[in-house]
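Number of protein chains: 2
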Amino acid sequence: MNNFEDWLASPVARLDRVAQEQAYQRQQQLTKPAGSLGRLEELAIQLAAMQAKPLPQINNVQITVFAADHGVMAENVSAFPQSVTTAMIRNFASGGAAISVLANSLNARLSVINVGSVDELETIDGVTDQRIAAGTQNFCHTTAMSSEQLQQALSIGADHVTKCRSQGLELFIGGDMGIGNTTSATAIACALLTLPAETLTGPGTGLAPPGIKHKVAVIQKALTKHQSELKMPWSVMQTLGGFEIAALTGAYLACAKQGVPVLVDGFISSVAALAAEQLLPGSRDWFIFSHASAEPGHQRILTALNAEPLLDLGMRLGEASGAAVAVPLLKLSCALHAGMATFEQAAVAGAL
Amino acid sequence: MNNFEDWLASPVARLDRVAQEQAYQRQQQLTKPAGSLGRLEELAIQLAAMQAKPLPQINNVQITVFAADHGVMAENVSAFPQSVTTAMIRNFASGGAAISVLANSLNARLSVINVGSVDELETIDGVTDQRIAAGTQNFCHTTAMSSEQLQQALSIGADHVTKCRSQGLELFIGGDMGIGNTTSATAIACALLTLPAETLTGPGTGLAPPGIKHKVAVIQKALTKHQSELKMPWSVMQTLGGFEIAALTGAYLACAKQGVPVLVDGFISSVAALAAEQLLPGSRDWFIFSHASAEPGHQRILTALNAEPLLDLGMRLGEASGAAVAVPLLKLSCALHAGMATFEQAAVAGAL
Numbered sequence: 001m002n003n004f005e006d007w008l009a010s011p012v013a014r015l016d017r018v019a020q021e022q023a024y025q026r027q028q029q030l031t032k033p034a035g036s037l038g039r040l041e042e043l044a045i046q047l048a049a050m051q052a053k054p055l056p057q058i059n060n061v062q063i064t065v066f067a068a069d070h071g072v073m074a075e076n077v078s079a080f081p082q083s084v085t086t087a088m089i090r091n092f093a094s095g096g097a098a099i100s101v102l103a104n105s106l107n108a109r110l111s112v113i114n115v116g117s118v119d120e121l122e123t124i125d126g127v128t129d130q131r132i133a134a135g136t137q138n139f140c141h142t143t144a145m146s147s148e149q150l151q152q153a154l155s156i157g158a159d160h161v162t163k164c165r166s167q168g169l170e171l172f173i174g175g176d177m178g179i180g181n182t183t184s185a186t187a188i189a190c191a192l193l194t195l196p197a198e199t200l201t202g203p204g205t206g207l208a209p210p211g212i213k214h215k216v217a218v219i220q221k222a223l224t225k226h227q228s229e230l231k232m233p234w235s236v237m238q239t240l241g242g243f244e245i246a247a248l249t250g251a252y253l254a255c256a257k258q259g260v261p262v263l264v265d266g267f268i269s270s271v272a273a274l275a276a277e278q279l280l281p282g283s284r285d286w287f288i289f290s291h292a293s294a295e296p297g298h299q300r301i302l303t304a305l306n307a308e309p310l311l312d313l314g315m316r317l318g319e320a321s322g323a324a325v326a327v328p329l330l331k332l333s334c335a336l337h338a339g340m341a342t343f344e345q346a347a348v349a350g351a352l
Numbered sequence: 001m002n003n004f005e006d007w008l009a010s011p012v013a014r015l016d017r018v019a020q021e022q023a024y025q026r027q028q029q030l031t032k033p034a035g036s037l038g039r040l041e042e043l044a045i046q047l048a049a050m051q052a053k054p055l056p057q058i059n060n061v062q063i064t065v066f067a068a069d070h071g072v073m074a075e076n077v078s079a080f081p082q083s084v085t086t087a088m089i090r091n092f093a094s095g096g097a098a099i100s101v102l103a104n105s106l107n108a109r110l111s112v113i114n115v116g117s118v119d120e121l122e123t124i125d126g127v128t129d130q131r132i133a134a135g136t137q138n139f140c141h142t143t144a145m146s147s148e149q150l151q152q153a154l155s156i157g158a159d160h161v162t163k164c165r166s167q168g169l170e171l172f173i174g175g176d177m178g179i180g181n182t183t184s185a186t187a188i189a190c191a192l193l194t195l196p197a198e199t200l201t202g203p204g205t206g207l208a209p210p211g212i213k214h215k216v217a218v219i220q221k222a223l224t225k226h227q228s229e230l231k232m233p234w235s236v237m238q239t240l241g242g243f244e245i246a247a248l249t250g251a252y253l254a255c256a257k258q259g260v261p262v263l264v265d266g267f268i269s270s271v272a273a274l275a276a277e278q279l280l281p282g283s284r285d286w287f288i289f290s291h292a293s294a295e296p297g298h299q300r301i302l303t304a305l306n307a308e309p310l311l312d313l314g315m316r317l318g319e320a321s322g323a324a325v326a327v328p329l330l331k332l333s334c335a336l337h338a339g340m341a342t343f344e345q346a347a348v349a350g351a352l
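Residue numbers (the working numbering), protein chains in the order written: chain W, 1 to 352; chain L, 1 to 352.
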């Protein structure tokens with residue numbers, strides 16, 4: 001516990017301002033009107049600061065989906081049955097899920113970590129079994145997890161990043177799978193941002209309006225019941241969290257501490273990023289936000305994180321899918337930055 | 001001339017509604033909440049209709065940059081000198097330009113066609129010399145090109161597409177290079193949409209506010225001078241056009257007639273797409289719009305075409321660069337569509 005507390009309190013890595021300035025200067029010399037590549041220029045400069053080199057690169061990409069179940073599913077908050085969590089874990093591993101196809105297309109490594117499905121799973125190639133429990137408790141009645149379980153979930157995420165980093169990780173993407181997890185994530189975000197349930201609650205995987213109304217009531221009930229315990233981010237995550245959301249938070253914290261760029265996925269992932277930033281201010285420096293989710297509450301979370309996502313494609317799948325779709329933008333940004341000729345090299349006259 | 005007129009009047013290819021419906025049905029069966037991949041689902045369905053097959057693919061991608069100079073440069077309308085047009089043609093061919101790096105990264109074929117630079121160019125590998133003239137005439141004083149020259153420019157674009165199509169083209173991207181060409185494109189768009197110059201004029205490659213004011217005056221002067229000649233799209237293009245914009249229009253028309261999906265780049269390309277749609281209504285069915293340019297007039301042109309671009313990254317470079325950056329979205333959309341498992345295949349329970 002002591003080691004963990006020391007780890008949690010350890011600082012965020014610093015961005016390399018020298019590499020950032022070198023990248024900025026290079027962008028001014030490339031054969032294009034200054035600024036005409038827009039956010040692709042900003043990305044290259046930002047990645048230079050993160051990777052501490054003037055010519056950043058995004059070749060070694062790790063995509064990790066954390067999966068778990070949620071006690072609050074007893075309140076009937078999703079359009080899908082809970083059995084889908086384990087069925088989708090199998091689907092990730094066998095290559096049929098969206099993120100499997102994307103990881104394969106992008107030549108990225110895909111890992112799946114089961115941090116707490118209700119159903120036990122057979123041994124599956126590509127799935128790490130680190131089940132903390134058979135799902136969280138129902139936070140409408142009690143605390144979702146114990147403090148020890150929260151520490152365990154954070155550590156699973158953090159240790160995973162440490163392992164990946166030893167293999168030359170250049171970009172980390174985390175994803176989530178867990179039927180019912182927009183309910184947990186929405187409750188966490190409401191508590192972290194002190195907002196009522198109705199401001200952030202949306203359809204998740206596809207609730208109709210009456211289902212959304214019920215979901216608002218469930219979340220508001222939990223927020224009211226636990227009001228006195230929701231002052232600090234640790235307690236918020238313990239009270240309302242899912243194991244996979246906490247594991248994502250732990251992974252993001254480890255990236256921020258170890259200086260690994262993170263490409264954040266959509267709604268659930270952004271809530272984990274918000275929790276990381278509140279647990280350790282400054283973590284957000286290491287986060288690039290990939291896409292605006294169609295889940296309506298996402299925008300307020302992005303605003304709270306001062307984040308402007310790269311894409312807005314109406315996606316709302318989770319699994320890290322939105323972040324994966326943004327990977328080519330980072331790769332192309334680095335390719336342009338490194339590969340374009342300067343005005344001098346190409347003997348092109350600059351702006352008058 | 002007669003053959004050309006017959007060609008121009010020949011109809012647009014039809015979308016395949018059967019393949020479109022098959023693709024739509026497949027999307028409903030893939031292991032994800034219906035609609036949760038947002039525009040990536042729409043793209044796969046749209047490409048199925050265009051390619052007339054339920055599992056479309058984007059492997060054979062042609063990127064062609066048409067380059068030319070503009071007589072209106074005599075009015076001092078750009079931040080860059082005219083010599084940059086030919087310098088950039090060399091830069092495209094030698095691999096140092098943004099589009100060269102992008103084409104290489106995307107494994108797309110890049111062609112450069114010189115349809116009318118002021119300067120003569122040496123023979124360059126990868127550049128086709130089809131100069132119509134040493135730039136257009138200054139449209140502040142006279143008509144930019146003759147009717148024969150316009151036909152020539154349209155034919156160069158169209159013949160190029162026909163040639164590419166015989167090599168199995170699956171997606172066509174056109175781009176532009178021509179110092180001063182936002183002035184020409186803005187004037188064309190104003191005439192086609194019957195808007196005053198100030199509503200569409202922007203900084204182009206980087207004019208400061210006084211330069212933009214001057215550019216507005218130049219364009220408005222031309223619109224007023226040629227008012228009686230600007231009733232029909234053919235005359236608009238002849239009076240105000242650039243050779244590269246007309247060649248792009250010809251290429252887009254050929255794609256629409258031959259059933260080749262087009263990924264439209266930014267401001268200049270969208271004006272060419274607008275001209276194509278006005279010359280041959282229905283052409284727009286074959287256009288996918290890649291990105292919202294930072295050039296402020298772009299939005300009104302997109303609105304006129306009922307187009308919602310895929311990306312908004314603040315890009316304003318031309319050269320087909322914005323379209324190239326959107327190619328991975330189309331590829332990933334096709335990969336997801338073809339590669340994901342169905343609910344049945346993965347034994348995943350669907351929505352309740």
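Hints may contain errors.
Stated by the list, open to error - Simulated restraints, written as ranges between beta carbons of each label pair: (1) W:GLY95 to L:LEU121: 33 to 43 angstroms; (2) W:PRO210 to L:GLU21: 39 to 49 angstroms; (3) L:ASN59 to W:GLU148: 50 to 60 angstroms; (4) W:ASP6 to L:ASN59: 48 to 58 angstroms; (5) L:PRO296 to W:GLN57: 50 to 60 angstroms.
Unchecked claim - Negatives, chain L to chain W, calculated, CB over 12 angstroms: (6) SER36; (7) ALA52; (8) SER83; (9) GLY126; (10) HIS141; (11) THR162; (12) SER166; (13) THR205; (14) PRO209; (15) SER228; (16) HIS337.
Source of the hints: derived by calculation from the structure; they are not laboratory data. Quick reminder that beta carbons are idealized off the backbone N, C-alpha and C, glycines included.
Hints, verified against the model:
1. A C-beta distance of roughly 50 angstroms is found between W:GLY95 and L:LEU121, which places it outside the suggested range of 33 to 43 angstroms.
2. Separated by about 31 angstroms at the C-beta atoms, W:PRO210 and L:GLU21 break the suggested range of 39 to 49 angstroms.
3. About 52 angstroms separates the C-beta atoms of L:ASN59 and W:GLU148, a value consistent with the hinted range of 50 to 60 angstroms.
4. Between W:ASP6 and L:ASN59 the CB atoms are about 52 angstroms apart, so this pair conforms to the stated range of 48 to 58 angstroms.
5. Take L:PRO296 and W:GLN57: their Cβ atoms lie about 34 angstroms apart, and the range 50 to 60 angstroms is violated.
6. Not every CB of chain W lies more than 12 angstroms from the CB of L:SER36, the least distance being 4 angstroms, so the non-interface label is violated.
7. The Cβ of L:ALA52 lies farther than 12 angstroms from every Cβ of chain W, with a closest approach of about 23 angstroms, so its non-interface assignment holds.
8. The beta carbon of L:SER83 sits about 6 angstroms from the closest Cβ of chain W, which is not more than 12 angstroms, so the claim that it is off the interface is violated.
9. Consistency note on L:GLY126: stated as away from chain W, and its beta-carbon is indeed over 12 angstroms from all of that chain's, at 15 angstroms minimum.
10. Residue-level check passed: L:HIS141 sits 23 angstroms from the nearest beta carbon of chain W, beyond 12 angstroms.
11. Non-interface status of L:THR162 relative to chain W is upheld: no Cβ of that chain comes within 12 angstroms, the nearest being about 30 angstroms off.
12. For L:SER166, the shortest C-beta to C-beta distance to chain W comes to about 28 angstroms, beyond the 12 angstroms cut-off, and the non-interface label holds.
13. Annotated as non-interface, L:THR205 brings its C-beta within 12 angstroms of a C-beta of chain W; the closest such distance is 4 angstroms.
14. Listed as outside the interface, L:PRO209 is consistent with that label: its C-beta sits roughly 15 angstroms from the nearest C-beta of chain W, beyond the 12 angstroms cut-off.
15. With a least CB separation of 35 angstroms from chain W, L:SER228 remains clear of the 12 angstroms interface cut-off, as annotated.
16. A beta-carbon of chain W is positioned within 12 angstroms of the beta-carbon of L:HIS337; the least distance is around 9 angstroms.
When held up to the earlier numbered hints, the structure conflicts with 1, 2, 5, 6, 8, 13 and 16 and fits the remainder.
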